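S.K.: Sequence:
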Amino acid sequence: MAEGKSEGKKDARQKAAEARAAALAKEKRRERSIRIIGGLVVLLVVGVIIGGAIIVSGGNSSETATPDDNAAVPAGVSTTDYRYTVNPGVAGDVPTVLIYEDFQCPFCKKLEDSSGVALLEQANQGKIKLQYQPGIFLDANLRNVGSQTATASWGCAIDAGKGVEFHEAVFAAQPAEETVGAPGFTKDQMIALGEGVGITGEAFTTFEACVNDGKYNSWAANSNAQFEVAGVSSTPSIFVNGTEINSQQVDIYDPAALLAAIEQAAK
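Taking the numbering used here, the leading residue of the sequence shown gets 1, the next gets one more, and so forth.
Hints were generated in silico from the structure; no laboratory data involved.
Here the structure is a predicted model, which is why all the values come from computation and not from measurement.
All C-beta atoms in this analysis are idealised placements derived from N, C-alpha and C, irrespective of residue type, glycine included.
You may find that some hints are simply not true.
Stated by the list, open to error - Derived CB-CB ranges, DEER-like:
1. Pro175 x Glu63: 17 to 23 angstroms
2. Gly181 x Phe204: 29 to 35 angstroms
3. Gln125 x Thr205: 21 to 27 angstroms
4. Thr243 x Gly92: 27 to 33 angstroms
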């Protein structure tokens, strides 16, 4: 009789454990579903994704600067089209490679991570003239001023002679997941990145003040306005001598394929 009771208690404990395990598994499935659905919602809010690019959308956040013809621009940046040239002194008849991007765009980060080094090598070897056209359109979608903060701070780093290094550092610091309403890039983060890429001494003091003052906010807005002027509808977009590389036909995230496409487009 005692043995029967013992077996009954054992069966009850086993059933209870199985019930708890089933409930836990169900809860984990529910949490995974919420994360997946939440991620899809974020992507839909941030922007339409087509062929490994984010479609540019209009609108501004309440703190976004507006274009200003009299705005200050970083040292060496064009005062007409507001783009930054990595190697302005390149000699000879080489193709101009222009990239439209947004620091909060995950596909722009993917391009930087995959093909950025190859493009810089081409620029450093004088084989291409490399230019960047920064945009801040994702601020409206993400409801922050992260792109503006990063772009304006990049202008401060350009003044300090660390334009390339800071450009790389910002993309490296891009969050793995962008969520609507999160602060995005902050001034404190940008100041830390500036120190991290080697801006020191008086140059760092000037850089820090430049970031905190938002000196180049309107430059960021001016550059962003060039997207509409050029008819650019997604980021990243790559142009060679004014002709866009079709990212639906060329894997721009494969360095070899991208360089081959640049060479072909330059002919």
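S.K.: Next step is simple, just say for each hint if it's right about the structure.
M.R.: So, going through the hints one by one against the coordinates:
The hint said 17 to 23 angstroms for the Cβ distance between Pro175 and Glu63, and at roughly 19 angstroms that hint holds. Taken as a hint, the range 29 to 35 angstroms holds for the pair Gly181 and Phe204, whose Cβ atoms sit roughly 32 angstroms apart. Remark: the range hint 21 to 27 angstroms for Gln125 to Thr205 is contradicted by a beta-carbon distance near 35 angstroms. For Thr243 paired with Gly92, a C-beta distance near 20 angstroms fails the hint of 27 to 33 angstroms.
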